[in-house]
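Trainee: When you get a sec, could you build the whole thing from the sequences and use the hints?
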Amino acid sequence: MQPAIVELTGVKVYRNNRLTLNIEHLTIAPGELVAIAGPNGAGKSTLLQVVNMLLPYQQGTLNLFGKAINKQSELNIARRQSSMMFQETLLVNGTVYDNVALPLIFRKYPKEKIRELVMSALQTFQCQHLAKRQARQLSGGEAQRVGLARALVFQPRLLLLDEPFAALDTASRTAILTDLKQVAVQNKLTVILISHNFNEVLTFADRVVVLAGGAVIQDDKPEVVLRRPATREVASLVDMDNVLPCHMETEAAQTIVRLDGGVIFPYNRSVTSKAKACCLPGDAIYILNEKAPSPEQPLVTVSVRVAGITPGIGTYKVSVAVDELSLIARVPREQTLGLVIGEKITIGFSPDEVQLI
Amino acid sequence: MDNIWQDPEILAVAWLTIKVSGLATGISVIIGIPLGLWLALNEFYGKKFVVSVVNFGMGLPPVVVGLVVSLLLWRYGPLGMLGIMYTPWAMILAQAFIASPIIAGLSFAAISSLNPNMRLQLLSLGASRWQANMLLIREAKLGLLAAVMAGFGGVVSEVGASMMVGGNIKGQTRVLTTATVMEVGKGNYDIALALSFILLLVAYSVVAALTYLQNRTIR
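If you're matching them up, the sequences are chains A and Z in order. The first sequence begins at 543 in this note's numbering and counts up by one. The second sequence begins at 131 in this note's numbering and counts up by one.
Heads up, some of the hints might be wrong.
Calculated cross-link-like contacts (lysine-lysine; reagent style DSSO-like; alpha-carbon spacing at most 27 Å) [what the hints assert, rightly or not]:
1) Z/Lys-178 x A/Lys-653
2) A/Lys-613 x A/Lys-650
3) Z/Lys-178 x A/Lys-674
4) A/Lys-723 x A/Lys-655
5) A/Lys-650 x Z/Lys-149
6) A/Lys-554 x A/Lys-650
7) A/Lys-613 x A/Lys-554
8) A/Lys-816 x A/Lys-763
9) A/Lys-730 x A/Lys-816
Just so you know, these hints were derived from the structure itself, not from any lab.
Mentor: In structure tokens:
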């Protein structure tokens, strides 16, 4: 078994006497594509800077590429196997070629090898035609592609991305992430990507680590984090459609969940006694009528009134309410045809889709 | 006045001015730019105080610098054994005292104005500290050359310190500013005007050369 690329144990970072990072244990295996998510100030950038040894930590151990980093010489060797991109492009004055060549010049590569590697990296990210352009004259998308070519020109084993594509439009971001993922998979490159955008995470990563207050609060596959957030912060981060206040009762060893509006249903998944809210993805709610086929699993049904319909690509968002309970359902467009605001309808959801937090 | 352009004495004075102020600026660059860089890149207790001292030094009155350097270089002063009082070296020393804080203060501002993540980006790409610092200096080239121009402008135009530590000795320590003051004192306004014109020409030539460097495309 190959050693972990990154292993942090008990790492604590204090800034201005405030604990900004507190990682009990985090291991990242070779070739993993990991997204780090979390609200502002969660410690995401701090974590990346610690992994890139740009920021000292006050407690704990950091192992990189299977080795503990204790001395300056080890730090330099480990840092030269990894590369980091910041939110800003941070290209230096000079041409695109000069910029992409920088990591190779730092490593004292011969000129012929530099030319070969630079042109190959530019080609990988479709920017070989920009080689002679001044770096400061590039558009945002071009600059990020050049930044990626520069970060990968020396074939690092670990790539750290601190939200570098946040300023790009959705189409450019998706295109660049798709290219990057292809390169990463081909080269078995380990990538850690910080992102606020969960769509970006779904496109790119196969694992999500959610931070809050400097600590890891959830570490799972993107789909699990998206549908089963561990806490209210994660639910807010993934933009969960329905986070409903709830009460729990135990009757004959069975957990019963009570929502506002008199909705009651049994809950068979494990739950902590502290749970106070119920998360329900909008696409787990069905509008029950004769036209739409009913799902096979047993549903909790609720009679509600339509409060609003918001069109969207893929699904329409239907807001429904009964007493104090308001819900958002995401349904196919055809199910909304003929729906009228104020109309009484019946909706249903499976208790298995509910996540208590 | 008619022969002033052919006067070897005036040309020697102009040449000495360039040498003294040029060397003093060179010494100040060697001291000021690394100091400005260090101040900009490091966080430490008392940094604000050190920066305020450097900024205060940017406005040091040349007469006060001249007096302090005189006391240092005086025969019985702490540096009296060097025996450089009333020599061009004394003037270079005094002018370096004046220009160093100017260059350090403006270098600090120039490096501080760069994106603070630029250094981290260079380090993360595998740069050694030296390589990263050299690139940062190149990135702040516009501001740093402005600092050098301000430093040179400050020393080439000062008269108090040069007069006090140089003594305006004919053929030895007479520079354009001290010669101008002397000619005004003697009532030779035409010669003083001509010397002032040469001083402006010298200052402009050096600044123009630095401006050319500043605007040249960085490769």
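Trainee: Quick one: which hint numbers does this structure break? Sort them smallest to largest.
Mentor: 1, 3, 5, 6 and 9
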